[in-house]
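Chemist: Sequence:
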Amino acid sequence: MVSSVKHPVTRPQGRVAARDGGASGFTVVELVVVIVLLGILAATAMPRFFTATRFEEMGFADASAAAARFAQKLALSSGCDTHFSVGPTGYALSQRATSCGVGDFTRAVNRPGGEAWAQAAPAGVAVGTLTIYFDGQGRPVDAASDSLLNTAASYSIGTRTVTIEAETGVVHAS
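Note that the sequence shown ends on residue 174 in our numbering; no numbers are left out.
Simulated from the structure, these hints should not be mistaken for lab results.
Be careful, since some hints might not be right.
[Said to hold, decoys possible] With a cut-off of at most 20 Å between alpha-carbon atoms, the simulated EDC-like pairs for lysine to aspartate or glutamate come out as follows:
#1 Lys73 / Glu167
#2 Lys73 / Glu57
#3 Lys73 / Glu115
#4 Lys73 / Asp135
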């Protein structure tokens, strides 16, 4: 004898509504208020998130400090004077054109890719001025007086300061 098992009906047949019959959705007034609030937020707060001046300032300060470090290392390794200048237009590295110890600094130092080791300052970033060179022993020399630095030399980029120590030529940014 086979017994038949009846399964209980778990849901009613036909169309099932999940709502209780009331209206759902947003009114036009609610949508307009949300759009107005998003517009105010976009106009006031969003530009602060996308201001690149602070990041450009930090990046240029780090890049110029790295260039000064490279100038010192190049002077040490080559035994040739290496010039480093930074100002409102940017920074650049160069070496003497005719020989290692005499002549003007007119020969550009090239990056490994072949282009000159220089960078323009970003727009809107305040950049201080410094012009020095590193002698063949890596010591910083004041380019205007051709004398070894007896105090640390520094320049500012926005709120950051890059300092080159007098006797060692160590470059650090703060």
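Chemist: Does each hint hold? Answer for all of them.
Modeler: Hint by hint, here is what the structure shows:
1. This hinted pair checks out: Lys73 and Glu167 have alpha carbons roughly 14 Å apart, not beyond 20 Å.
2. Between Lys73 and Glu57, the direct Cα distance comes to roughly 24 Å. Violation of the 20 Å bound is thereby established for this hinted pair.
3. Our distance criterion of 20 Å between C-alpha atoms is met by Lys73 and Glu115, whose separation comes to about 19 Å.
4. Of the supplied pair hints, the one linking Lys73 and Asp135 holds, its CA atoms being roughly 10 Å apart against a limit of 20 Å.
Of the numbered hints stated above, the single one contradicted by the structure is hint 2.
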